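> Sequence:
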Amino acid sequence: MATKFDSQKTKHQLFHLSISLAVVLVCMTSMQYKRSWSHLGSFWNSLIIPIVSTGEMLKIILSHYYGHQENTLLTQKQKQKKASYFTPKELAGGLMLQFLCTLLFGFVCIILGAPVLQNYEQTFILAMLLTLFSVSPIVFLLGAEGALQVCFCEKPDFLTKNEETAVELFKYNAVGGMLGAWAGSVVAPLDWDREWQVYPVPNVVGALLGSALANIYACSRVLYATGKVYINKKRS
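In the numbering used here, the protein residues as written are 1 to 236.
Source of the hints: derived by calculation from the structure; they are not laboratory data.
Because the structure is a prediction, the values reported are computed rather than measured.
Mixed in with the good hints, there may be bad ones.
[Claimed, not checked] Think about it this way: if two alpha-carbon atoms lie no more than 27 Å apart in a straight line, the pair counts; the simulated DSSO-like pairs of lysine-lysine are:
#, residue 1, residue 2
1, Lys-79, Lys-171
2, Lys-89, Lys-171
3, Lys-234, Lys-79
4, Lys-89, Lys-11
5, Lys-233, Lys-34
6, Lys-234, Lys-11
[To be verified] Computed spacing ranges between beta-carbons, pair by pair:
#, residue 1, residue 2, range
7, Phe-107, Ser-36, 23 to 31 Å
8, Ser-42, Ile-231, 18 to 26 Å
9, Tyr-230, Trp-196, 41 to 49 Å
10, Leu-58, Lys-89, 34 to 42 Å
11, Leu-100, Leu-14, 18 to 26 Å
12, Asp-157, Ser-36, 24 to 32 Å
13, Ala-22, Cys-151, 25 to 33 Å
C-beta atoms are modelled at their ideal positions from N, C-alpha and C, and glycine is treated no differently.
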């Protein structure tokens with residue numbers, strides 16, 4: 001039995017993943033241009049946070065672009081929920097949720113070995129990067145309430161088909177970024193005395209590379225599924 005192929009969903013997935021990989025590439029290019037690793041822990045000198053923020057907003061815009069095509073198919077509950085995303089209460093809740101998640105990630109960084117009484121700015125940068133990879137995109141897409149449901153592994157009943165696709169892709173980015181940041185800690189204690197071993201450089205770079213690997217994996221799955229449908233279609 002032939003698998004039904006959704007070309008719009010596939011385009012959305014591939015464009016989304018392309019943006020994610022482009023963000024990592026631009027971040028790495030900016031690091032190479034600076035020719036110094038020390039700027040990664042500085043809020044004012046590092047371009048990582050602005051670049052990642054821009055990339056996540058582009059993915060939200062992409063999601064809304066593809067979402068316009070299914071607006072006529074929305075239920076009344078979905079329409080009401082989408083209208084509430086940008087109310088003052090929801091916006092304030094979204095900002096508060098991101099702030100709390102940044103504090104939580106900062107606390108986790110300290111628990112896992114980050115300096116307690118120094119390097120506050122560096123820990124804040126790393127925590128903010130992890131928030132941008134995980135919670136922020138869901139908040140931008142679904143609002144604070146929807147993001148909380150997703151964070152607690154619940155599927156909001158008001159999700160549209162397009163939003164469900166975006167959420168699944170954001171999960172790859174989040175898991176890859178967090179695992180990469182954790183894996184980056186492996187090189188910190190090694191006695192190599194290299195500039196890129198200084199906290200939080202290996203964790204930031206690890207988060208970016210983890211995100212890239214997760215998105216490459218997701219992209220390979222999409223391309224494999226697309227190729228499988230194409231081959232089945234040719235055979236039939």
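> Each hint: holds or not?
Cross-check of the supplied hints:
Distance check on the hinted pair: Lys-79 and Lys-171 sit about 24 Å apart at the alpha-carbon level, within 27 Å; holds. A threshold of 27 Å between alpha carbons decides the hint, and for Lys-89 with Lys-171 the separation of about 26 Å falls inside it, so the pair holds. Taking the CA atoms of Lys-234 and Lys-79, the gap is near 40 Å; set against the 27 Å cutoff, the hint is violated. For the suggested pair Lys-89 and Lys-11, the alpha carbons sit about 34 Å apart, so the restraint of at most 27 Å is broken.
Distance hint between Lys-233 and Lys-34 is unfulfilled; the C-alpha atoms sit about 49 Å from each other, more than 27 Å. For the suggested pair Lys-234 and Lys-11, the alpha carbons sit about 20 Å apart, so the restraint of at most 27 Å is met. In this structure the hint that Phe-107 and Ser-36 lie 23 to 31 Å apart at CB holds, the actual value being about 29 Å. Look at Ser-42 against Ile-231: about 50 Å separates their beta carbons, and that is not inside 18 to 26 Å.
For the pair Tyr-230 and Trp-196, the supplied restraint of 41 to 49 Å holds, since their beta-carbon distance comes to about 43 Å. For the hinted restraint 34 to 42 Å between Leu-58 and Lys-89, the CB-CB distance of approximately 26 Å leaves it violated. Between Leu-100 and Leu-14 the beta carbon distance is about 33 Å. The supplied range of 18 to 26 Å is therefore violated. At roughly 49 Å, the beta carbons of Asp-157 and Ser-36 sit outside the given window of 24 to 32 Å.
A hinted range of 25 to 33 Å for the beta carbons of Ala-22 and Cys-151 is consistent with their spacing of about 26 Å.
This entry does not satisfy hints 3, 4, 5, 8, 10, 11 and 12, going by the numbered hints stated previously.
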